[in-house]
Amino acid sequence: NAGVMQNPRHLVRRRGQEARLRCSPMKGHSHVYWYRQLPEEGLKFMVYLQKENIIDESGMPKERFSAEFPKEGPSILRIQQVVRGDSAAYFCASSPTGSPLHFGNGTRLTVT
Amino acid sequence: DQQVKQNSPSLSVQEGRISILNCDYTNSMFDYFLWYKKYPAEGPTFLISISSIKDKNEDGRFTVFLNKSAKHLSLHIVPSQPGDSAVYFCALYNFNKFYFGSGTKLNVKP
Chain A
1 NAGVMQNPRH
11 LVRRRGQEAR
21 LRCSPMKGHS
31 HVYWYRQLPE
41 EGLKFMVYLQ
51 KENIIDESGM
61 PKERFSAEFP
71 KEGPSILRIQ
81 QVVRGDSAAY
91 FCASSPTGSP
101 LHFGNGTRLT
111 VT
Chain B
113 DQQVKQNSPS
123 LSVQEGRISI
133 LNCDYTNSMF
143 DYFLWYKKYP
153 AEGPTFLISI
163 SSIKDKNEDG
173 RFTVFLNKSA
183 KHLSLHIVPS
193 QPGDSAVYFC
203 ALYNFNKFYF
213 GSGTKLNVKP
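Just so you know, the sequences run in chain order A and B. Going by the numbering used here, the first residue of the first sequence is number 1, and it counts up by one from there. Going by the numbering used here, the first residue of the second sequence is number 113, and it counts up by one from there.
Be aware that one or more of the hints could be misleading.
Stated by the list, open to error - A few chain B residues that face chain A, going by a derived Cβ cut-off under 7 Å, partial list only:
{"id": "1", "residue": "Leu-146"}
{"id": "2", "residue": "Tyr-151"}
{"id": "3", "residue": "Glu-154"}
{"id": "4", "residue": "Gly-155"}
{"id": "5", "residue": "Pro-156"}
{"id": "6", "residue": "Phe-158"}
{"id": "7", "residue": "Phe-212"}
{"id": "8", "residue": "Gly-213"}
{"id": "9", "residue": "Ser-214"}
{"id": "10", "residue": "Gly-215"}
Stated by the list, open to error - In silico negatives: residues of chain B with every beta carbon more than 12 Å from chain A:
{"id": "11", "residue": "Gln-118"}
{"id": "12", "residue": "Pro-121"}
{"id": "13", "residue": "Ile-130"}
{"id": "14", "residue": "Thr-138"}
{"id": "15", "residue": "Ala-153"}
{"id": "16", "residue": "Thr-157"}
{"id": "17", "residue": "Leu-159"}
{"id": "18", "residue": "Ile-160"}
{"id": "19", "residue": "Ser-161"}
{"id": "20", "residue": "Ile-165"}
{"id": "21", "residue": "Lys-168"}
{"id": "22", "residue": "Thr-175"}
{"id": "23", "residue": "His-184"}
{"id": "24", "residue": "Gln-193"}
{"id": "25", "residue": "Ala-203"}
Derived by calculation from the structure, the hints in this document are not laboratory data. Built from N, CA and C at the ideal position, the CB exists for glycine as well.
Please put together the full structure from these sequences, using the hints given.
The structure is reproduced here in structure tokens:
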């Protein structure tokens, strides 16, 4: 049973470009969470999704950021028109209902 | 809105001694509490958890204590080993959301 798979591991984008981060949850997990870790900081909640539904996006910036978890395929975190402040490690986690989260190894986004 | 606080950004302990990591929270409405461990360039991995109806849970060298009246959670590692050197996050769970602290970097010296 493969763990949570995130790709790419490293992503470099120039200011103004779009970044797409993908996450395949563990088999059988229907809950997906995205967290962001800025340098020297903790994990900040961004969004919680179930299949085809956004349950809680209270941690997502209002502009440029969006997330989806389609019926088929991975969850996608999309950042449009990236800025230097978006540089961070983005972690995806999945779980069955109410169980501890299983994290992927993250995508490290660098905006130049 | 910072519901979970880890006030010590770092901790250094000698191998074989006890490591105590602390976490404070503000909201009483959490169902259970967790500790995660994170190595550089990897995702956090689940370590141990405790239900809100308990005050202690033990798993090998790791023990988590919950003091609900003080809204305080702690993780004890004994004996500490160099391989325990990592960043430790406490997390609180309620209504399908997990709230994480800012982490404590533990360094276990050989």
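These are the hints, each one checked on the structure:
Taking 7 Å as the C-beta contact cut-off toward chain A, the hint placing Leu-146/B at the interface holds, the least distance being around 6 Å. The interface hint given for Tyr-151/B is broken, as the beta carbon of that residue sits about 10 Å from the closest beta carbon of chain A, more than 7 Å. Interface hint status for Glu-154/B: upheld, as the beta-carbon distance to the closest one in chain A is roughly 5 Å, under 7 Å. Interface restraint check for Gly-155/B: the shortest CB-CB distance to chain A comes to about 3 Å, inside 7 Å, so the restraint holds.
Against a cut-off of 7 Å between C-beta atoms, the interface hint on Pro-156/B holds, since the closest Cβ of chain A lies about 5 Å away. At its closest, the beta carbon of Phe-158/B sits 4 Å from a beta carbon of chain A; the interface hint therefore holds under the 7 Å criterion. The closest approach between the C-beta of Phe-212/B and any C-beta of chain A is roughly 4 Å, which is under the 7 Å cut-off, so the hint is satisfied. The closest approach between the C-beta of Gly-213/B and any C-beta of chain A is roughly 6 Å, which is under the 7 Å cut-off, so the hint is satisfied.
Against a cut-off of 7 Å between C-beta atoms, the interface hint on Ser-214/B holds, since the closest Cβ of chain A lies about 3 Å away. Below 7 Å, beta-carbon pairs count as interface contacts, and Gly-215/B has one with chain A at about 5 Å; its hint therefore holds. The non-interface label for Gln-118/B is inconsistent with chain A: the shortest C-beta to C-beta separation is roughly 8 Å, within 12 Å. With a cut of 12 Å on Cβ distances, Pro-121/B falls inside the contact zone with chain A, its closest approach being about 8 Å.
Taking the minimum C-beta to C-beta distance to chain A, about 24 Å, the non-interface status of Ile-130/B holds against the 12 Å cut. The claim that Thr-138/B is not at the interface with chain A holds, since no C-beta of that chain comes within 12 Å of its own (minimum 15 Å). With a minimum CB-CB distance of about 7 Å to chain A, Ala-153/B fails to clear the 12 Å threshold, and the non-interface call is violated. Distance to chain A contradicts Thr-157/B as a non-interface residue, since its nearest Cβ pair spans about 7 Å, not more than 12 Å.
At the 12 Å boundary, the C-beta of Leu-159/B falls inside the reach of chain A, the nearest C-beta of that chain being 9 Å off. Distance check on Ile-160/B: its Cβ comes as close as 9 Å (rounded) to a Cβ of chain A, failing to clear the 12 Å threshold; non-interface status is violated. Distance check on Ser-161/B: its Cβ comes as close as 6 Å (rounded) to a Cβ of chain A, failing to clear the 12 Å threshold; non-interface status is violated. Every beta carbon of chain A lies more than 12 Å from that of Ile-165/B, the smallest distance being close to 15 Å; the non-interface claim holds.
For Lys-168/B, the non-interface assignment is confirmed: its Cβ lies about 18 Å from the closest Cβ of chain A, beyond the 12 Å cut-off. Every beta carbon of chain A lies more than 12 Å from that of Thr-175/B, the smallest distance being close to 17 Å; the non-interface claim holds. With 12 Å as the threshold on Cβ separation, the claim that His-184/B sits away from chain A holds: the shortest Cβ distance comes to roughly 18 Å. With a minimum CB-CB distance of about 22 Å to chain A, Gln-193/B clears the 12 Å threshold, and the non-interface call stands.
Its beta-carbon lying about 8 Å from the closest one in chain A, Ala-203/B breaks the requirement of being farther than 12 Å from that chain.
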